[in-house]
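Q: Sequence:
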Amino acid sequence: MLLYVFFLPIICAIEVQINPQKSSIELEVGAQLSLLCKVTGLSPEVKPGITWSRHKGLPNRDNVKVSRLDNATLSLVIDRTIARDSGVYTCNAIIDGESANKSVDVHVFGTNGGNSLFAEHGHLKTVKIGHLTEGKSLDLSCETIPGVTPHKTVWSRHELFFDRLEQAQSQTNWVLLKGGSVLRIKNYNAKIDNGRYDCGVTPKDQSTETTWRSFYIGPTENEKSSFSICRQICQDTCNNVISGILDKNI
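Take the sequence shown: its letter number 119 is residue 119 in full-length UniProt numbering, and every next letter is one higher.
Calculated cross-link-like contacts (lysine-lysine; reagent style BS3-like; alpha-carbon spacing at most 30 Å):
1) K47 / K22
2) K204 / K56
3) K56 / K38
4) K178 / K128
5) K204 / K65
I should point out that these hints are in silico values taken from the structure, not numbers from a laboratory.
Full structure from sequences and hints, please.
A: Printed below as a string of structure tokens:
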């Protein structure tokens with residue numbers, strides 16, 4: 001009588017572990033997010049299905065990497081995080097109809113609401129540009145940080161929206177550069193060019209969400225008002241002084 005013994009991979013109840021082993025992770029904008037998902041309860045030769053997911057989809061950028069390190073380990077690394085990378089990340093594992101998952105809540109924070117999309121001027125939503133030299137050129141930049149590819153960049157001025165070079169060139173001293181992310185004002189003229197400019201950037205991974213930034217060239221309305229008040233006070237003071245001197249001499 002022959003006895004055949006078959007050695008099959010041993011599958012116990014599988015579990016999922018995420019390293020670092022925390023229920024929530026807080027990162028500053030620009031930091032690296034590194035998560036390691038490990039499936040336990042399996043023989044080394046068993047290769048379960050492992051995936052990373054997020055409730056609103058994984059970020060779709062070049063600096064987001066998902067890598068299989070071995071049969072039971074899947075990593076997720078996001079370099080230069082932005083505020084939109086926040087969310088609940090879940091590692092899912094399945095083998096022979098048995099599944100398990102583990103989640104971690106990631107919060108990426110920055111100043112001013114985490115508006116970290118732009119490469120210049122940090123997190124500022126409003127950029128104030130003071131008095132400039134007449135005739136010089138000025139670049140207003142809505143370029144994005146590395147790893148964020150704009151799906152669309154639009155500019156507005158006096159309620160006129162434009163996102164194409166032809167539209168910008170119709171305004172004789174405007175030029176769009178770098179795929180529309182930079183607006184160049186040629187031959188600056190304070191009477192014509194002072195005021196507010198807005199740019200809106202929609203990243204490829206968030207095609208319905210647009211981040212806006214405003215530029216103010218020259219004095220704002222409040223500054224103009226303050227200047228007018230100061231000028232009036234000075235004028236009134238001077239008139240009173242002169243009147244007083246004249247009264248004494250009469």
